[in-house]
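There are 2 protein chains.
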Amino acid sequence: MRNFDYKNPTKILFGKGEIAKLKTEIPEGSKVLMLYGGGSIKKNGIYDQVQKALAGFDCVEFGGIPPNPEYAVLMDALKVIKEENIDYLLAVGGGSVIDGTKFLSSAALYEGDEPWEILDKKIPTLKGMPFGTVLTLPATGSEMNSGAVITRADIKEKRVMGGSGLFPQFSILDPSVVASIPERQIANGLADAYTHVMEQYMTFPIEANLQDRFAESIMQTLIEVAPKIMKDPSNYTDAANFMWSCTMALNGLIQKGVPTDWAIHMMGHELTALYGIDHARTLAIIAGPHYKYSFEKKKEKLAQYAERVWDIREGSVENKAHAGIQKTIDFFHSIGIKTQLSEYTTDFEGTSAEVAKRLKEKGMIALGEHGAITPADAEKIVEMSY
Amino acid sequence: MRNFDYKNPTKILFGKGEIAKLKTEIPEGSKVLMLYGGGSIKKNGIYDQVQKALAGFDCVEFGGIPPNPEYAVLMDALKVIKEENIDYLLAVGGGSVIDGTKFLSSAALYEGDEPWEILDKKIPTLKGMPFGTVLTLPATGSEMNSGAVITRADIKEKRVMGGSGLFPQFSILDPSVVASIPERQIANGLADAYTHVMEQYMTFPIEANLQDRFAESIMQTLIEVAPKIMKDPSNYTDAANFMWSCTMALNGLIQKGVPTDWAIHMMGHELTALYGIDHARTLAIIAGPHYKYSFEKKKEKLAQYAERVWDIREGSVENKAHAGIQKTIDFFHSIGIKTQLSEYTTDFEGTSAEVAKRLKEKGMIALGEHGAITPADAEKIVEMSY
Chain Y
1 MRNFDYKNPT KILFGKGEIA KLKTEIPEGS KVLMLYGGGS IKKNGIYDQV
51 QKALAGFDCV EFGGIPPNPE YAVLMDALKV IKEENIDYLL AVGGGSVIDG
101 TKFLSSAALY EGDEPWEILD KKIPTLKGMP FGTVLTLPAT GSEMNSGAVI
151 TRADIKEKRV MGGSGLFPQF SILDPSVVAS IPERQIANGL ADAYTHVMEQ
201 YMTFPIEANL QDRFAESIMQ TLIEVAPKIM KDPSNYTDAA NFMWSCTMAL
251 NGLIQKGVPT DWAIHMMGHE LTALYGIDHA RTLAIIAGPH YKYSFEKKKE
301 KLAQYAERVW DIREGSVENK AHAGIQKTID FFHSIGIKTQ LSEYTTDFEG
351 TSAEVAKRLK EKGMIALGEH GAITPADAEK IVEMSY
Chain V
1 MRNFDYKNPT KILFGKGEIA KLKTEIPEGS KVLMLYGGGS IKKNGIYDQV
51 QKALAGFDCV EFGGIPPNPE YAVLMDALKV IKEENIDYLL AVGGGSVIDG
101 TKFLSSAALY EGDEPWEILD KKIPTLKGMP FGTVLTLPAT GSEMNSGAVI
151 TRADIKEKRV MGGSGLFPQF SILDPSVVAS IPERQIANGL ADAYTHVMEQ
201 YMTFPIEANL QDRFAESIMQ TLIEVAPKIM KDPSNYTDAA NFMWSCTMAL
251 NGLIQKGVPT DWAIHMMGHE LTALYGIDHA RTLAIIAGPH YKYSFEKKKE
301 KLAQYAERVW DIREGSVENK AHAGIQKTID FFHSIGIKTQ LSEYTTDFEG
351 TSAEVAKRLK EKGMIALGEH GAITPADAEK IVEMSY
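Chains as they are written, first to last, in the working numbering: chain Y, 1 to 386; chain V, 1 to 386.
Just so you know, these hints were derived from the structure itself, not from any lab. Keep in mind that a hint or two might mislead.
Okay, the calculated bits of chain Y under chain V, using three or more residues with CB under 8 Å as the criterion [unchecked claim]:
| # | region |
| --- | --- |
| 1 | 4-17 |
| 2 | 200-209 |
Keeping only pairs whose Cα atoms sit at most 27 Å apart, straight-line, the calculated DSSO-like set for lysine-lysine is [claimed, not checked]:
| # | chain 1 | residue 1 | chain 2 | residue 2 |
| --- | --- | --- | --- | --- |
| 3 | Y | LYS7 | V | LYS21 |
| 4 | V | LYS360 | V | LYS297 |
| 5 | V | LYS156 | V | LYS338 |
| 6 | V | LYS156 | V | LYS360 |
| 7 | Y | LYS7 | V | LYS11 |
| 8 | Y | LYS11 | V | LYS127 |
| 9 | V | LYS23 | Y | LYS7 |
| 10 | Y | LYS127 | V | LYS127 |
| 11 | Y | LYS82 | Y | LYS122 |
| 12 | Y | LYS31 | Y | LYS42 |
| 13 | Y | LYS31 | V | LYS7 |
| 14 | V | LYS122 | Y | LYS11 |
| 15 | Y | LYS23 | V | LYS127 |
| 16 | V | LYS16 | Y | LYS7 |
| 17 | Y | LYS7 | V | LYS31 |
| 18 | Y | LYS21 | V | LYS7 |
| 19 | V | LYS7 | Y | LYS23 |
| 20 | V | LYS11 | Y | LYS122 |
| 21 | Y | LYS122 | V | LYS21 |
| 22 | Y | LYS23 | Y | LYS42 |
| 23 | V | LYS7 | Y | LYS16 |
| 24 | V | LYS127 | Y | LYS21 |
| 25 | V | LYS122 | Y | LYS21 |
| 26 | Y | LYS31 | Y | LYS52 |
| 27 | V | LYS52 | Y | LYS7 |
| 28 | Y | LYS127 | V | LYS11 |
| 29 | Y | LYS52 | V | LYS7 |
| 30 | Y | LYS299 | V | LYS228 |
| 31 | Y | LYS7 | Y | LYS122 |
| 32 | V | LYS23 | Y | LYS127 |
| 33 | V | LYS7 | Y | LYS7 |
| 34 | V | LYS228 | V | LYS16 |
| 35 | V | LYS7 | Y | LYS127 |
| 36 | Y | LYS11 | V | LYS11 |
Quick reminder that beta carbons are idealized off the backbone N, C-alpha and C, glycines included.
Throw the hints in and build the complete structure from the sequences for me.
In structure tokens form, the structure reads like this:
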């Protein structure tokens, strides 16, 4: 096991009816900016619940944060923060709204002229404007971590940011919200959380036994709950298991003391930037080819995964490992997610070279747990995904 | 799944050499009281490592905190805190030293005349004197939770205390310390952590799938590591898995959203108070009888445990459940822990009635996840443990 630091100060309020507790979690007298996305919260009742809980606060709203939170839109929100002297942010949404709010938390206190520098120069945020979240879409885990991914359309870029100052002060997770999430988004949430776990697990054995078992636990729970929640998102128990699994998949715990990969995400981000494919679906496109390409380096862990998560007890390490990859692809298919790039775009020729070029330009020349995936490797992996 | 709040702000620094980071974790200019136990840290090099890291601080020492931290001794330490104007506490030890430090953290800021009131009147500590820990004995999980158990010899009492103000600010977990722990203490740590998990798991099914799997993961890891760490405590990898499992067993995570039992602890505490039997061993004495006595109410969970943790796949729910109990008892025996009261004392006649009387006097008349274990039930359970 490797040395690690672990601290996660976010307070989770989990369960039915918890949104009402907003009023005691936000400091009295705060001037609040409530941020949200496309407005679905106005149809499913969440907006009304939040408004009711915020009755005692001076509160301004900013809606319209798009999926893959867009820098230009966020810069408009930043203007509102400054003009209205906002001192507390409340994200009501999924990963995109929460990530956008994290950017604003950082940008609001940033002393330079151009907040893009936070992303471009990879400046860690040690102190941000305080914020909380009301999660409306289980998927990214952003509600209990300190990272964010921001998109800039004009230069087709997706960049990551983070820092110890970017943990939400609190996050309210009410599984009732799952009932109104469209099937496509639920599938995305399942695939996103599942891939988050794989990126932190499918590397090489390092005898971090508890971290391995926790990762396997999250995958097993997602596998169990997937067919049920896809069929009936209004089942509260299933929604609760789905929601808590997504949070635990990327709140930092399972990555402590172990090597992590994240190459799938880095390649996937490029597919979203190039074609606008849903983030989770880009992960499903890349995962299979990535594991096949890196088979020799990952086969021990793939075999352990096949054995423990999929109960494949027979066969050699290689046989089990191959079966594990196939089970993963089958899992994505079982929730209606296609795993080949050509199923998303007809314009796929040349994508692999383009992805390789973009990774190289960003200096991402050593991806994966060994730092051994070069842009040339990425090119081959993306080509295998056609 | 039940509604829950979860927040754990303790920073963990895990791994070889981390003790040196003390100097950056304690705020500059602090006047530190370093607390420790019987002095084993002077033999195994931990004392020297801590002293070296504290070189820049004004630091006072207080050694001699006994196992089952004794109120009278802690009151002496409290005097030192006041006389020396201490403003930061550092526990260097196992659960007893850390629990004692938590009491001091609370008592140092307590405004009443008699700090025993904190325990006697169950006053939650919302703000304590800040403190950190250097863990020398994996077992109780106290290094990452906000609870403590304090003993008062003159009235043969063991009382619990806690509150959101009692999380350590940081805890340093260096698995290297395990190498010098006596076999008896390692066995105690394994049994203690294992029982902590069982108390939060062995109740009734509530479809909190991830919490169940996390609990099972910790038990599986402890079972895997137990024979290895008993044989060779100097194996760093095994020590790391042992240490992290003990912390995760009682840092609050696995109890969120689920019913918990804790009847084993309540009965076990009385055995320690009456006979001075090691805390962990009292748990091993009570666990088997408790599960046999409450078999009908716990059999579904016992069967799930037998299946997933011990890979018992054949037989009825009842058969599996019985096998699960036996496997638990066998596990304690495998690490050299006896499970019958008569193996610890010849003076056991009348113990069951005495335990029942003491529980009744304290108002502990409704123990367990159903609040259905009365003192009369406890009497029968303790009698089964003879």
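Evaluation of the provided hints:
{"no.": "1", "hint": "4-17", "verdict": "holds (count 14)"}
{"no.": "2", "hint": "200-209", "verdict": "holds (count 3)"}
{"no.": "3", "hint": "Y:LYS7 with V:LYS21", "verdict": "holds (15 Å)"}
{"no.": "4", "hint": "V:LYS360 with V:LYS297", "verdict": "holds (23 Å)"}
{"no.": "5", "hint": "V:LYS156 with V:LYS338", "verdict": "holds (24 Å)"}
{"no.": "6", "hint": "V:LYS156 with V:LYS360", "verdict": "holds (15 Å)"}
{"no.": "7", "hint": "Y:LYS7 with V:LYS11", "verdict": "holds (4 Å)"}
{"no.": "8", "hint": "Y:LYS11 with V:LYS127", "verdict": "holds (17 Å)"}
{"no.": "9", "hint": "V:LYS23 with Y:LYS7", "verdict": "holds (18 Å)"}
{"no.": "10", "hint": "Y:LYS127 with V:LYS127", "verdict": "holds (23 Å)"}
{"no.": "11", "hint": "Y:LYS82 with Y:LYS122", "verdict": "holds (23 Å)"}
{"no.": "12", "hint": "Y:LYS31 with Y:LYS42", "verdict": "holds (22 Å)"}
{"no.": "13", "hint": "Y:LYS31 with V:LYS7", "verdict": "holds (25 Å)"}
{"no.": "14", "hint": "V:LYS122 with Y:LYS11", "verdict": "holds (24 Å)"}
{"no.": "15", "hint": "Y:LYS23 with V:LYS127", "verdict": "holds (22 Å)"}
{"no.": "16", "hint": "V:LYS16 with Y:LYS7", "verdict": "holds (18 Å)"}
{"no.": "17", "hint": "Y:LYS7 with V:LYS31", "verdict": "holds (25 Å)"}
{"no.": "18", "hint": "Y:LYS21 with V:LYS7", "verdict": "holds (15 Å)"}
{"no.": "19", "hint": "V:LYS7 with Y:LYS23", "verdict": "holds (18 Å)"}
{"no.": "20", "hint": "V:LYS11 with Y:LYS122", "verdict": "holds (24 Å)"}
{"no.": "21", "hint": "Y:LYS122 with V:LYS21", "verdict": "holds (25 Å)"}
{"no.": "22", "hint": "Y:LYS23 with Y:LYS42", "verdict": "holds (20 Å)"}
{"no.": "23", "hint": "V:LYS7 with Y:LYS16", "verdict": "holds (18 Å)"}
{"no.": "24", "hint": "V:LYS127 with Y:LYS21", "verdict": "holds (22 Å)"}
{"no.": "25", "hint": "V:LYS122 with Y:LYS21", "verdict": "holds (25 Å)"}
{"no.": "26", "hint": "Y:LYS31 with Y:LYS52", "verdict": "holds (16 Å)"}
{"no.": "27", "hint": "V:LYS52 with Y:LYS7", "verdict": "holds (25 Å)"}
{"no.": "28", "hint": "Y:LYS127 with V:LYS11", "verdict": "holds (17 Å)"}
{"no.": "29", "hint": "Y:LYS52 with V:LYS7", "verdict": "holds (25 Å)"}
{"no.": "30", "hint": "Y:LYS299 with V:LYS228", "verdict": "holds (26 Å)"}
{"no.": "31", "hint": "Y:LYS7 with Y:LYS122", "verdict": "holds (21 Å)"}
{"no.": "32", "hint": "V:LYS23 with Y:LYS127", "verdict": "holds (22 Å)"}
{"no.": "33", "hint": "V:LYS7 with Y:LYS7", "verdict": "holds (11 Å)"}
{"no.": "34", "hint": "V:LYS228 with V:LYS16", "verdict": "holds (19 Å)"}
{"no.": "35", "hint": "V:LYS7 with Y:LYS127", "verdict": "holds (19 Å)"}
{"no.": "36", "hint": "Y:LYS11 with V:LYS11", "verdict": "holds (14 Å)"}
This entry satisfies every hint, going by the numbered hints stated previously.
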